[in-house]
Amino acid sequence: MLELLDSLLAWLGLDLGLQWRYLIAAVVGIILPFAYVLVFAGVFILLERRIAGRMQSRIGPNRVGPQGMIQWVADALKTLTKEDLIPDIADKPLYRLGPLLAVVGVVLGIAIVPFGGGLIGADLNVGMLYLLSVTSLVVCGMLMSGWASNSKWALFGGLRSAAQIVSYEIPHAMALLCVVMLAGSMSMQDIAGSQGWLPWDWFSVHSPMALGAFLIYLIAGLAEGSRVPFDLPEAESELVAGYSTEYSGWRFLLFYLAELANVWIMAVLGVVAFMGGGNIPTLGLVEGVAPWATATPAIISQLPFASMEYWLLTALSFLTIMFKTWVLVFIISQLRWTLPRFRVDQMMSLCWKYLTPLSFGIMLLIMVWMPLFPMVPTDQLPGIASREAIGLLLRGATLLLCVGAFWWYLKRIAFAISNARDKLYVKFAI
Amino acid sequence: MAEQQAVAPQGSFARYFHNIGSSLKAVGEGMAVTMSWMFRRPMTVQYPDRYDGRLNQFMKGLERADHGQKLPLVYRGFLEVDMDICTACMACERACPIECISITVEKVKDARKRVMTKFDIDIGKCMFCGLCVDPCPSGALAHTPEFEATSQFVENLVARFVPDPRVPYVPFKIPKGVDVERKPMGSVLRDIGFVGPKKDAFTPLPPFPEGKHSFGMHAAAAELSIDRS
Chain A
127 MLELLDSLLA WLGLDLGLQW RYLIAAVVGI ILPFAYVLVF AGVFILLERR
177 IAGRMQSRIG PNRVGPQGMI QWVADALKTL TKEDLIPDIA DKPLYRLGPL
227 LAVVGVVLGI AIVPFGGGLI GADLNVGMLY LLSVTSLVVC GMLMSGWASN
277 SKWALFGGLR SAAQIVSYEI PHAMALLCVV MLAGSMSMQD IAGSQGWLPW
327 DWFSVHSPMA LGAFLIYLIA GLAEGSRVPF DLPEAESELV AGYSTEYSGW
377 RFLLFYLAEL ANVWIMAVLG VVAFMGGGNI PTLGLVEGVA PWATATPAII
427 SQLPFASMEY WLLTALSFLT IMFKTWVLVF IISQLRWTLP RFRVDQMMSL
477 CWKYLTPLSF GIMLLIMVWM PLFPMVPTDQ LPGIASREAI GLLLRGATLL
527 LCVGAFWWYL KRIAFAISNA RDKLYVKFAI
Chain B
30 MAEQQAVAPQ GSFARYFHNI GSSLKAVGEG MAVTMSWMFR RPMTVQYPDR
80 YDGRLNQFMK GLERADHGQK LPLVYRGFLE VDMDICTACM ACERACPIEC
130 ISITVEKVKD ARKRVMTKFD IDIGKCMFCG LCVDPCPSGA LAHTPEFEAT
180 SQFVENLVAR FVPDPRVPYV PFKIPKGVDV ERKPMGSVLR DIGFVGPKKD
230 AFTPLPPFPE GKHSFGMHAA AAELSIDRS
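From first to last, the protein sequence lines stand for chains A and B.
So for the first sequence, our numbering puts the first residue at 127; every next one is plus one.
So for the second sequence, our numbering puts the first residue at 30; every next one is plus one.
In isolation and in its complexed conformation, chain A is listed as follows:
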């Protein structure tokens, strides 16, 4: 943020003191991502409800605004006007603090999330570590509000969420550690920049193990965000609403916001770490670089600020990262209407018997793999050694595996459609 602001001020010809620049950067850096998260949460909840409707042969909300597009505004306003109830026997300071911690833990993570090109709050050199640390605040918030509510349902919810998130943090972190090893850096921009814009330069197809790490990351991310099928902390059929049972009004909304923002952070982190981030080809806009070479965030940042090329590449990069993120968000949303909820023992056995040992094994294998078959960017293909060629072939094989899995998925969709009892309509909007 500060680098961006400095470039902007230099471009405008202004000279401000360091303290002012820090202040402006801090205020803008807080407001912009938070506003983005608010809008994302609204759009996501609307999209999810519409998708849920279509998948359950319903229509979903379509009355407020065209196609129900401002339903989320109405919902938020309605919830904000509700009374903020605090139970008489609740531990009041902790009760008030809980939702704030939950939302702060998520919003802090946005500081290091890249929005494509040079758009990033703060490109920390320990970005990944920072993200894993601050998102743990969410557990504190949930456990705190579960305890302070002085209600058995809330307490169960809080304890379940603590057990679940603490367990799943291990495979989650191990899967991301594989990426950190492959990129050789914890900075988000470096991780994005060490991949290419072509799918076979992504870390998810670096090797079969990296693909496994991607899947483990997705599963553990779902569990971290308490999404279905891991929504045990707020299982409404067992615990009324888990840790948020006693909450109403804007405090309840904060929990909701934290959950939805967590989905976005998980998706964008998956995109940056495994799916090439906002990398795009340079398209010949950068001097001395081939048009098909990857325009990494570093290359875009070195362009003269506010030049035509800079904005074009930044906008393209932003759109790329948004598109990939929404694809992942759609998959997360689709999983919610596909899978039933796990039992507690199933959830624990999945983590400790499957994901944790597998993620350790994957990490070790990638450690061995990296010196054996080093990763070559596609634009350096001529003149590679034989071991690197083998690595490239295996990468291609992994990509073929992904394509094959996707092909099988399409065939199964075609099968389900062709065996439907009803007459079908390929018609998306009602």
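Calculated from the structure, these hints are not laboratory results.
Owing to the predicted nature of the structure, the values given are computational and were not obtained by experimental measurement.
Where hints are given, some of them may not hold.
Computed cross-link-like contacts, BS3-like style, restricted to lysine-lysine with a CA-CA straight-line distance of at most 30 angstroms [said to hold, decoys possible]:
#1 54(B) - 537(A)
#2 54(B) - 479(A)
#3 142(B) - 205(B)
Following the hints, position chain B against chain A.
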């Protein structure tokens, strides 16, 4: 079963990897099914503002070509009385647990005849339990497949099967050994304007004259109207 069921392997090591593979495959299968629903038209009928005539087809019991649905024969919609075969036994009024049926039977002076001057069913109160239909001796009272009678005024939800008390109905005597013919289902409700195109949802009905009616004055008119079958 021609299709062979996949058998889980016995060894614990093999079963471990079998579990991983089968769970991935199951998630993929499930996602394909949910995805296929994105290509289907929702079942929902956006009633009443995007009324496209489907409900009328439901009522007629016609099959919808695309969903293959119709109202079942035992569908319990609005109650309807065929006054031409009503015996004025008042069994339905006694059977009704919430007293939504109200019948008035009066004697016509000098004629030694009983006439029905009021047969109201408050559909707004009715809970469609069907207890009144069972004791009806002639089958005059029945559930129709009608279910649309929205009105701005709750008073309009009273179905009046004797529209004018000065034109009363004479009870029907069930002939022995002959099957009683009933009017088509829903036709009476449509004739009295309770459902259908004649329904006016935006004006309140005039109040029904309350209390006993003396038919001394109107005896002649009553006698005339009795023969209208």
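Hints not upheld, ascending by number: none
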